[in-house]
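Keeping their order, the protein sequence lines are chains A and B.
41 is the number that the numbering used here gives to position 41 of the first sequence; each next residue is one higher, with no gaps.
109 is the number that the numbering used here gives to position 109 of the second sequence; each next residue is one higher, with no gaps.
No lab work stands behind these hints: they were computed from the structure.
Subject to a maximum C-alpha distance of 35 Å in a straight line, what follows is the list of computed DSBU-like cross-link-like pairs (lysine-lysine):
#1 A/Lys55 - A/Lys14
#2 A/Lys20 - B/Lys42
#3 B/Lys56 - A/Lys41
#4 B/Lys42 - A/Lys55
#5 B/Lys42 - A/Lys66
If the Cβ cut is set under 8 Å, some of the chain A residues that face chain B in the computed set are:
#6 Gln42
#7 Ser43
#8 Leu44
#9 Leu46
#10 Ile93
#11 Tyr102
#12 Gly103
#13 Phe106
#14 Gly107
#15 Ser108
#16 Gly109
Just so it is clear, the structure is predicted and the values come from calculations on it, not from any experiment.
Ideal Cβ placement from N, Cα and C applies to all residues, glycine included.
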Amino acid sequence: GAVVSQHPSWVICKSGTSVKIECRSLDFQATTMFWYRQFPKQSLMLMATSNEGSKATYEQGVEKDKFLINHASLTLSTLTVTSAHPEDSSFYICSARDPNRYGYTFGSGTRLTVV
Amino acid sequence: QKEVEQNSGPLSVPEGAIASLNCTYSDRGSQSFFWYRQYSGKSPELIMFIYSNGDKEDGRFTAQLNKASQYVSLLIRDSQPSDSATYLCAVKESFTGNQFYFGTGTSLTVIP
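Next comes chain A alone, as it looks inside the complex:
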């Protein structure tokens, strides 16, 4: 139980293009999902909290217009990196909590490389 699916697992895109990453809770409903970014040899940094049916809450320093989050259903949140640049290259991970379990489950992560 408590499976979070993330897609794609890796993506390479050209500078200036947009990339969409999907995060799905497969066997539970998640009113809240979280998006993290992790640079090599660094810890996870929370980017934003995705709330079903309402606007996402962004952490300080994260550009809302660049990292668009949509949480249109109880099982799906998407993160769109708009006008991507090489410095956006990172490992993006989503997580969610099954209300019937303690602790949070992470998606498998998306390795984004912007060239």
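Fit chain B to the known structure of chain A by using the hints.
Just chain B, lined up with the frame of chain A:
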């Protein structure tokens, strides 16, 4: 600024030994504490959580919490090469809140 600190390592232990991973946190009001394991290029997976002072055991893993010292640790008994990974300590402010604060992780290598 809430901080979670871990020694980055690398920590090397021989197979069969006990690996001890430590974590300190700055927010005295923190309520729950998590240990995640992350293999290279993969996302973190939950190993254990603890929210009461003392020890909590699960198989080869034991989490220890001392709120007075703002210290949480993870012991891995009978370490195996497959335990080689980065271990992340995470602290949550409250039982109902959602905000996690992660340490930078400790890299563990178990030598066969």
